[in-house]
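S.K.: In order, the protein sequences belong to chains A and B.
Residues in the first sequence are numbered from 1 upward in steps of one, following our numbering.
Residues in the second sequence are numbered from 406 upward in steps of one, following our numbering.
Misleading hints may appear alongside valid ones.
Heads up, simulated EDC-like pairs for lysine to aspartate or glutamate below, C-alpha to C-alpha not over 20 Å straight-line [what the hints assert, rightly or not]:
#	chain 1	residue 1	chain 2	residue 2
1	B	K525	B	E452
2	B	K532	A	E127
3	B	K532	A	E29
4	A	K128	B	D612
Worth flagging that the hints you see were computed from the coordinates, not collected in a lab.
All figures in this text were calculated on a predicted structure; none of them were measured in a lab.
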Amino acid sequence: MSSPAPSAPRRVAITAVGVVSPLGLGCGETTRALRAGRDGVTPVTAFDVSRTRCKTAGSIDRAALRANSAAVEKARGHELHPASRMMMAAGAEVRRGDAAFDPELLVIGTTSGGMSFGEHFYRAQVEKRQPHERSLWLANYLPQKPVLDTLELWPSAAPSQIIANACASGTNAVGHAFRLVRAGHYRRVLCGGYDAISEMVFVGFDSLQASTPEKIRPFDKSRTGLVLGEGAALLALEDLESAQQRNAPILAEITGYGISTDNHHLTQPHPSGIGPRQAMERALADAGTAPGEVDYINAHGTATPFNDATEGTAIAQIFGERVPVSSTKSMMGHSLGAAGAIEAAFCVLALRERFLPPNIHFQELDPAWRLNIVANESRAAELNCVISNSFGFGGTNATIVLQKA
Amino acid sequence: MSSMLPPTTAKIAGLGWVTPLGGGLESVWERLLRGDVAEAKIIANPETGREHVYAPVPPKTVEALGRNPRLRRSSAISYFAVAAGLAALENAGVSLTPETAARTAIVFAISSGGVVYTRKFYEQIVKQGANTASPLLFPETVYNAPASHLAAQFGVDGASYTLVGDSTVGLAALKFAEQLLATSDLDRVVVVGSEEIDWILCEAYRDWRLARRPGGSRGAMLAEGAAAVVLAREGKLDLVLHDGVPVFRRVEAGAALARVFADLLPTGAPDAVIGCANGTFVDGIERQVLAQRFPEAALSFPKCALGEALGASGLIQVVAAALALQHGAVPGMSADGKSIDTVLVSALGFNQQAGGAVLRRTA
């Protein structure tokens, strides 16, 4: 293969962030919620949960979301899927943060696209109904639709790559976008992830007994599983030099990315923690960062017995007990394909606002490892370098390294 | 193109496919040249009795994988994907040892995902209650389940990605693979696209006015299948890929496709085009743009014979284009003594973007 002309790697800046999660719409509300250790998990009302063990999730205020995109929906003459509304809200925040950012490529992660519209379509078959919304459901069911809806905000003729690497999708999207900008393939890439809660996925995790009827307690001795969440986050990545030339805001830098695949089992990680360990080691090597330089780890931390056992082991092996660790899923649930992007956004907020987001509902550390958990309350901290982990079904593992601007 | 850099040239080192006309590279190619068309099968919606038509992969095509322990509960897409991937590696002359696997990545392309298990799982929820839904089905509904099986089969512990999108996603996956090669020290990327069919998918595409009805001639014949391409630093054929141009509304599709063609071939014309016509609105748009830009090129439309395999179709087109170069012929056209040195792959999806690629023999 004839590679592009060799050139020095570029530094990669984040010039804007848009985030929508159960902790708030936008960076301001999200920062306040993270500092306060707010619990964004509430009872599920979107569908029947009378026959599931778990009955809660980190849900977004749908009325606020709908109001946010009302003008667009009125102009188009039809409703958008909640996933499109989340993505467009995140996109609008990016536009407000860096109006001159014009993406050349979109790299977006998701696990389920507009799944709830697919559920409506199936139910209509069973009930032998042919509602006029069927065409709307079909057109908005596919994973590319929220991406195109968001792209229209610019407007831009940028192509899109949509990654579906299960729960690592968001981090994979940010990591791949980072590599492309660093290598000089693109100057500006918009990246992130989204997922909206759907009945099928909710029941899926319940059927595996991965979700819990209790509070989500990552890394706790008495953890019993995850609760799902939803949301979207977008990060504007740009060649640092280019961003500086146009006086764009520089919020943080991404300096490294690592990916690994653990072939042990479709839904269970290898107990040794080799998958997470390889992802973190590869990301640190990619960034040229020593473990001792890392000031905070935003863990995948789903609170399932398997995930935390392997991730905790890998963190302890690489970092010992010095580095503060928290799983912000304790506050917002697990938003699957969006999680990595949202947690990358949280890392940017932590770097800029100088605090460690907490791991709430924490009672007692699992004695299997010695970790420095940011238990229950946020802490003030001067941060220079942080990492964010995401791991998923299919054995896919991803880590990114972020640096203070 | 959107990238700051001029188009790079990846090398095609291996090819494989699993189609409604069978699985062997050469045997399917010969059938395409003969004008064979995939056998159609009827599938009915059990709720309403409405019948649909689609092109299945003959079961014997993947029966050799039947005893593979990793695949014992997997969906058809995983069988198709593994069969196509193994064939492409064999065609490339690559035997994956732990050392070579460490320098190999996987990119998997899909449009509808594990639609059979997804429908079955949700059916259990709706008809029997959430507490009866099978934990054996749910993991196989995840888009990246086939990629996971591919990684386990090949022993790959590094990069493995699944891309989703419309029927251009195969070309997007190749572009993604090219980027992986350019930004890493990998030796090769195995790019696989796969699709399976269920009655719910047929219902959806019929309601969308895109799928053919039994006995009809308009609309796409939805099809099962998979194709695989090994991209590497050395290979038999050069592949130049476009990033893609988004299509927000159908009226913009012709301009998007024309831009792809102009970017890929700013001067000159291909000797042959492997088009994406599938019996839908795509046909007229593609025909018009091709007639304007490349009126002399030989045109071939493999979806007429193999059906519309959605996430697999872009890769099936690339395999067909590679075989056209290797054999100096295209299905549906007489050879008329003209050599085939440059082949254009044209791709226009239903609701995401236009894409394209150019293949040439490596100098």
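S.K.: Compare the structure with the hints numbered earlier in the document and write down the numbers of the violated ones, lowest to highest.
M.R.: 3
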